[in-house]
Amino acid sequence: MAGIVSAASLLAACGANATDPAGGSATQTPLADVPNTFEQITNYNNYYEFSTDKQAVNPLSANFRPTPWAVEVGGLVQNPKTYALEDLLRFEQVERVYRLRCVEAWSLVIPWTGFELNKLLAEAEPMTSAKYVAFTTLLDPEQFPGQSSPFYPWPYTEGLRLDEAMHRLTLIATGLYGESLPNPNGAPLRLVVPWKYGFKSIKAIVKIELTETQPATLWNTIAPEEYGFYSNVNPEVDHPRWSQRTERRIGELDRRNTLLFNGYADEVASLYSGMDLSVNY
Amino acid sequence: MSRDKGFPWPRVLVHLLGVLPLASIFFAALTGRLTFNPIQDIEQRLGRAALYFLVASLAVTPIYTLTGWRSVLPRRRALGLYAFLYASLHFITFAVIDYGFDLREIGRLILEKPFILLGLTTGLLLLPLAVTSFDYFMRKMGKKWKSLHRLVYIAGVTVIIHYAWAKKGDLFALQGDILKPLLWGLLVVSLLVLRIPAVRRGVSGLRQRVAGRGKVLKSA
Ligand code: HEM
Numbered sequence: 001m002a003g004i005v006s007a008a009s010l011l012a013a014c015g016a017n018a019t020d021p022a023g024g025s026a027t028q029t030p031l032a033d034v035p036n037t038f039e040q041i042t043n044y045n046n047y048y049e050f051s052t053d054k055q056a057v058n059p060l061s062a063n064f065r066p067t068p069w070a071v072e073v074g075g076l077v078q079n080p081k082t083y084a085l086e087d088l089l090r091f092e093q094v095e096r097v098y099r100l101r102c103v104e105a106w107s108l109v110i111p112w113t114g115f116e117l118n119k120l121l122a123e124a125e126p127m128t129s130a131k132y133v134a135f136t137t138l139l140d141p142e143q144f145p146g147q148s149s150p151f152y153p154w155p156y157t158e159g160l161r162l163d164e165a166m167h168r169l170t171l172i173a174t175g176l177y178g179e180s181l182p183n184p185n186g187a188p189l190r191l192v193v194p195w196k197y198g199f200k201s202i203k204a205i206v207k208i209e210l211t212e213t214q215p216a217t218l219w220n221t222i223a224p225e226e227y228g229f230y231s232n233v234n235p236e237v238d239h240p241r242w243s244q245r246t247e248r249r250i251g252e253l254d255r256r257n258t259l260l261f262n263g264y265a266d267e268v269a270s271l272y273s274g275m276d277l278s279v280n281y
Numbered sequence: 001m002s003r004d005k006g007f008p009w010p011r012v013l014v015h016l017l018g019v020l021p022l023a024s025i026f027f028a029a030l031t032g033r034l035t036f037n038p039i040q041d042i043e044q045r046l047g048r049a050a051l052y053f054l055v056a057s058l059a060v061t062p063i064y065t066l067t068g069w070r071s072v073l074p075r076r077r078a079l080g081l082y083a084f085l086y087a088s089l090h091f092i093t094f095a096v097i098d099y100g101f102d103l104r105e106i107g108r109l110i111l112e113k114p115f116i117l118l119g120l121t122t123g124l125l126l127l128p129l130a131v132t133s134f135d136y137f138m139r140k141m142g143k144k145w146k147s148l149h150r151l152v153y154i155a156g157v158t159v160i161i162h163y164a165w166a167k168k169g170d171l172f173a174l175q176g177d178i179l180k181p182l183l184w185g186l187l188v189v190s191l192l193v194l195r196i197p198a199v200r201r202g203v204s205g206l207r208q209r210v211a212g213r214g215k216v217l218k219s220a
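If you read the protein sequences in the order shown, they are chains A and B. Here the first sequence is numbered in my numbering, starting from 1 and rising by one per residue. Here the second sequence is numbered in my numbering, starting from 1 and rising by one per residue.
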């Protein structure tokens, strides 16, 4: 019952403006963003290292060991260093309530805690030749049963252009709802890039590397015509599988219209001025 | 009706299986197990139920070929109709619950997304089969009935591609979330291969020889 009840109560909490009485599958005006419940955020997860079943991730991740943890920062930087989790928690921790938009056309609103990635990169001092930041997830099939599947080029990798990585919205999340990051959400630390589809926000990071060339990313390697390097949320740029025009906010029954850059266009659109977003999808 | 053969357990079993997916959706709803995205979960469960029954109906003749068990044959119609029932519920969930019967958006989706077009193709292939599944049409259409119902072989192929393309990954590159569609696809291919007349003759010949030898041994 839990799922249905909390879905209904969230809908009720959003009040009359959350649903469009005139009908239609998506309302026209941007709707209020109410954070999803902790239960929703930690029980509906795409984390293929554990399972492709979103509900199975939480139980399967119960025994994952997020501590001790180390993150290697290297590549084209002046100050390569391996950070223990405690070292990273010394960067100024902020709370950010962000929308998270999955490429599968559902979304959540999550109150993250974490630090801006630019703080860490500033300390590492990228060389002038550095153009991209590459991220790698822990490779450990014993803890990640999904990594035994031969159908994926494990470990998970992701990447950003350096200016995207330096943007003040780009977060390394170390917690949510004031708690340390739960296992199903990528403990102990993950990337959060709120204007990109969720799969860009790589989980359980062990390596951050500055590179000169665009790094390979897992989904782009599997299906390049579907998952571009940029993968900015964009209702106008179509995806062969899911329509990106609308999305379903977890806990709501109607669909919402998807917003350009997931609603963060004012902050980030300038990163892409002059680029054709349907070519650089 | 033919003479009484006792409790008709194959028939009862098919109907128990037939209501199982619906029962499990209701049970999951009552125990909060439809995930936090219940519309999508129901849509996917109904799609998978339709797939299971479609494959089961395709399995009837091969099971007969392999085992010589005659009483599976009359179960095919019910299995096919359950496939159609779940496909219809799957489509209704997609069109009415997921997309709020927004015909313009549904039309765009069908045109833009090959995987949705393939789902619709599968559904439209099953429609005339369901309609003509009654004895009346079987008698009235004679030979044509059989050729019409061969459309189910095409439906078996289109649904696998529909299933695989609904998942993140690339079936043909063997990459991504394709293990289950791949296994179901291999099953469908085997079931189709077992229908090729030469294969079928070979298999049932083999079976009769094995069965014959058994008899000889027993009588000896
Ligand atoms: C009649 C038109 C059809 C439409 C518009 C349609 C649409 C869809 C959509 C949108 C999905 C993706 C659901 C999601 O992941 O959110 C899907 C998945 C699926 N559909 Fe269909 N479909 C149709 C017919 C069929 C038929 C006839 C079958 C089987 C006989 C079928 C079997 C499946 C299966 C197995 C899945 C994957 C379920 C999963 O992810 O586990 N569909 N369909």
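These are computed hints drawn from the structure, not numbers from a lab. Hints should not be assumed to be uniformly reliable.
[What the hints assert, rightly or not] Output of the computed footprint for chain A on chain B, the stretches with three or more beta carbons under 8 Å from beta carbons of chain A: (1) 27 to 36; (2) 191 to 197.
[To be verified] Taking lysine-lysine pairs in the DSBU-like style, the calculated list, with each CA pair at most 35 Å apart, reads: (3) A:K131 x A:K119; (4) B:K167 x A:K131; (5) B:K167 x B:K143; (6) B:K146 x B:K180; (7) B:K144 x B:K113; (8) A:K207 x B:K144; (9) A:K207 x A:K119; (10) A:K207 x B:K146; (11) B:K140 x B:K113.
Virtual Cβ for every residue (Gly too), placed ideally from N, Cα, C.
Hints versus structure:
1. Counting residues of the segment 27 to 36 of chain B whose C-beta sits closer than 8 Å to any C-beta of chain A gives 8, which meets the bar of three, so the coverage hint holds.
2. Taking a C-beta to C-beta cut-off of 8 Å, the segment 191 to 197 of chain B contributes 0 residues in contact with chain A, too few for the three needed, and the coverage statement is violated.
3. About 17 Å separates the Cα atoms of K131 (chain A) and K119 (chain A), which keeps this hinted pair within 35 Å; it holds.
4. This hinted pair checks out: K167 (chain B) and K131 (chain A) have alpha carbons roughly 33 Å apart, not beyond 35 Å.
5. Annotation: proposed proximity of K167 (chain B) to K143 (chain B) is violated, straight-line Cα distance about 39 Å (limit 35 Å).
6. The hinted pair formed by K146 (chain B) and K180 (chain B) meets the criterion: a straight-line CA distance of about 31 Å does not exceed 35 Å.
7. A threshold of 35 Å between alpha carbons decides the hint, and for K144 (chain B) with K113 (chain B) the separation of about 33 Å falls inside it, so the pair holds.
8. A C-alpha spacing of about 65 Å is found between K207 (chain A) and K144 (chain B), which places the hinted pair above 35 Å, so the restraint is violated.
9. Simply put, K207 (chain A) and K119 (chain A) have alpha-carbon atoms about 16 Å apart, close enough for the 35 Å limit, and the pair holds.
10. Simply put, K207 (chain A) and K146 (chain B) have alpha-carbon atoms about 61 Å apart, too far for the 35 Å limit, and the pair is violated.
11. For the proposed pair K140 (chain B) and K113 (chain B), the alpha carbon gap of about 38 Å is over 35 Å, so the pair is violated.
Against the hints set out earlier in the document, violations occur for numbers 2, 5, 8, 10, 11.
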